[in-house]
Amino acid sequence: MKQVLKLRNLKVIFPTNYGIIRAVESVDLDIHERECVALVGESGCGKSVTSQSVMRLIDSPPAITRVDTLEFDGRDIKDYTPKQMQEIRGKEMGMIFQDALTSLNPVMTCGKQIDEMYIRHQGLSKEEAREHTVKALELVGLPEPRKRANSFPHELSGGMRQRVLLAMAFACLPKLLIADEPTTALDVTIQAQVLSMLRNMQRGCGTALLLVTHDLSVVSAIADTVYVMYAGKIVEKAPVRELFATPHHPYTVGLMSAVPRLSDTERVFTQIPGTVPHPTQKPSGCYFHPRCQYATAECKKEMPPLKTIDSNREVRCHHPLSIRGVSHA
Amino acid sequence: MFRYIIRRLIQMIPLLIGISILVFLLVHLSPGDPIRMLLGEEATGEDVARLNAVYGFDQPLPTQYFRWATRAIKGDLGVSIRQTIPVNTLIFERLGATLELAIVSVLIAISLGIPIGIFAATRRGSLWDYLSMIVSLIGVSMPGFWLGLMLLSYVALKVDWLPMFGRDASVLNGLWVLVTQFRADVLLNALRYVLLPATALGVSMMAIIARLTRSSLLEVLGKDYIRTAQAKGLKHRVVVIKHGLRNALLPVITIVGIQFGSMLGGAVVTETVFAWPGVGRLVVNAISQRDFPIVQGGVLMMAIIFTFVNLLVDISYALVNPRIRYD
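These protein sequence lines map, in sequence, to chains A and B.
Plus 1424 on top of the position in the first sequence (first one is 1) and you've got the numbering used here.
Plus 11 on top of the position in the second sequence (first one is 1) and you've got the numbering used here.
Calculated from the structure, these hints are not laboratory results.
Keep in mind that the hints are not guaranteed to be accurate.
Partner residues are not named here, just some residues of chain B that face chain A (Cβ under 7 Å, in silico) [as the list claims (entries may be wrong)]:
id: 1; residue: Q241
id: 2; residue: A242
id: 3; residue: K243
id: 4; residue: L245
id: 5; residue: H254
We put the CB at the ideal spot given by N, CA and C, even for glycine.
Bound-form chain A, shown alone:
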């Protein structure tokens, strides 16, 4: 399969008055054609920064970004000028954000905001663009698309707004779509609709998808490959089925057991003890060791490398777990 995105050794730091925040530390990411890759982790783990770095949307200053390789569709876009990036953004790489209300310009009609995509990237006239916009809105299942195109964002419901963003993102059939928490702000029934819409659009358009989320049910529903991030580092990478069947990293296990379940008689809430380390004061050794019940002296001293296991999985742990319990692979 053709590789759409190849990211090697991405580092993003934010110098602040309270110290240096290492938001992203040496992240590698591979996305292939038509693949749906999920980037999972708690708030503040660096997943949004990673995804926005792919589009080079992180403002610098204040951020300082270093990357060894940033290959998109076979081209090295690491040193592209802002103008060159503008040509790629929207046209070949799209993005959907979490909160559709704040992500849409409040003083422009939804239609106009989609029209801009066709006008900018396909050189269409206003009237031609509007025809395309209405078709795109119809495709994402917005009722009365021609009328809705003249609505302002605040006049639509949350689900409708997310559909508008979808129509906008898919307008130019991008090769890669980055969806940053696309369903977090929606209620559950709308979540499912938007998610299946996203999946269908992605398959229909042959787009690769980078899904940023903290919601494991979303991951299990549509992802092919999963990257788990913790405190700016990738701690585990695996195909989705294998990850859910045999999570290797204690943090992954913690994330999965944190999903509330209704067992036979009682409601079970399991939580990972402690909190995410403050970004300016990360612990020594493995970042997860203060919260890890399996931590050893080695974990406190040394940051484990990302080791390849079973040829298609990677885990950053001195003592990865398996179905048999604690093993010392």
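Starting from the known structure of chain A, arrange chain B on it as the hints suggest.
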């Protein structure tokens, strides 16, 4: 929207009554007798009493107020004591000059202030940003009359083309001649006179607009929808102007409206420095001569204009921001 405007107009009535009572009391309770001032030291008590009776000043204050107010409602603001000309005529003669000065000042302030604000905001933290903010800080801090005097002595004196004071034809008249007769000379002459006073009046407003545009735009540029616009691959200019500026202009409109309203009545100092024949100077002279009808009429006129400008500002909100609806 229509109902909203009607409601606002009705709300203006008690406001204007209150203002007129206040001005009436201030004028009549302050020391200084207009008739004494008119007739001079040698006037006999008999003369003074007779003239007081002519103008109705011998009546109790409430009677005087109601007599004045009932005429004012009909549009008659009385006759000037000094000039024996109807106040209406005096005000309308000069309203054009005041409006012209205010409008030209606002145009200068907007056309420089907003670009400076954008310029600084898009170069945040750079030398250019600091420079333009220092310049506008100086602009805000400079009193208009001082700037007026400086402009007179350092610009008008050196540049022959610029007159020191006064006013010739109106700009409107100049535009009319330009459009109908294709002659620019009347317009140029009018602009020649209005340029310096409008600059003196407009600089502080320009500085306020520049600072406000900068801070407002900086706030807007951090919003999610700006990131969306960038992610769409729009050109930087389009992102800033089309998506940023329109959202950033709301507080700017408020300030422009308030400043414009106060300019209509408060350009007194600038009008005095440049001998600009506006309403402000008319009222100031009337105060020193205790010409009550002019003061009352002038202030009432300014209050009406001010509240109308405020109404226009509120209506323009709805045009800029579709989330604001009036009903």
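Hint-by-hint comparison with the structure:
Hint status for Q241 (chain B) relative to chain A: holds, with the closest Cβ pair at about 6 Å, below 7 Å. Using the Cβ-Cβ criterion of 7 Å, the hint placing A242 (chain B) at the interface with chain A is satisfied: the shortest such distance is roughly 4 Å. Against a cut-off of 7 Å between C-beta atoms, the interface hint on K243 (chain B) holds, since the closest Cβ of chain A lies about 4 Å away. Taken as an interface hint, L245 (chain B) checks out: its beta carbon lies about 6 Å from the nearest beta carbon of chain A, inside 7 Å.
For H254 (chain B), the suggested interface contact is upheld, since its CB lies about 5 Å from the closest CB of chain A, less than 7 Å.
Consistency note: the structure conflicts with none of the earlier hints.
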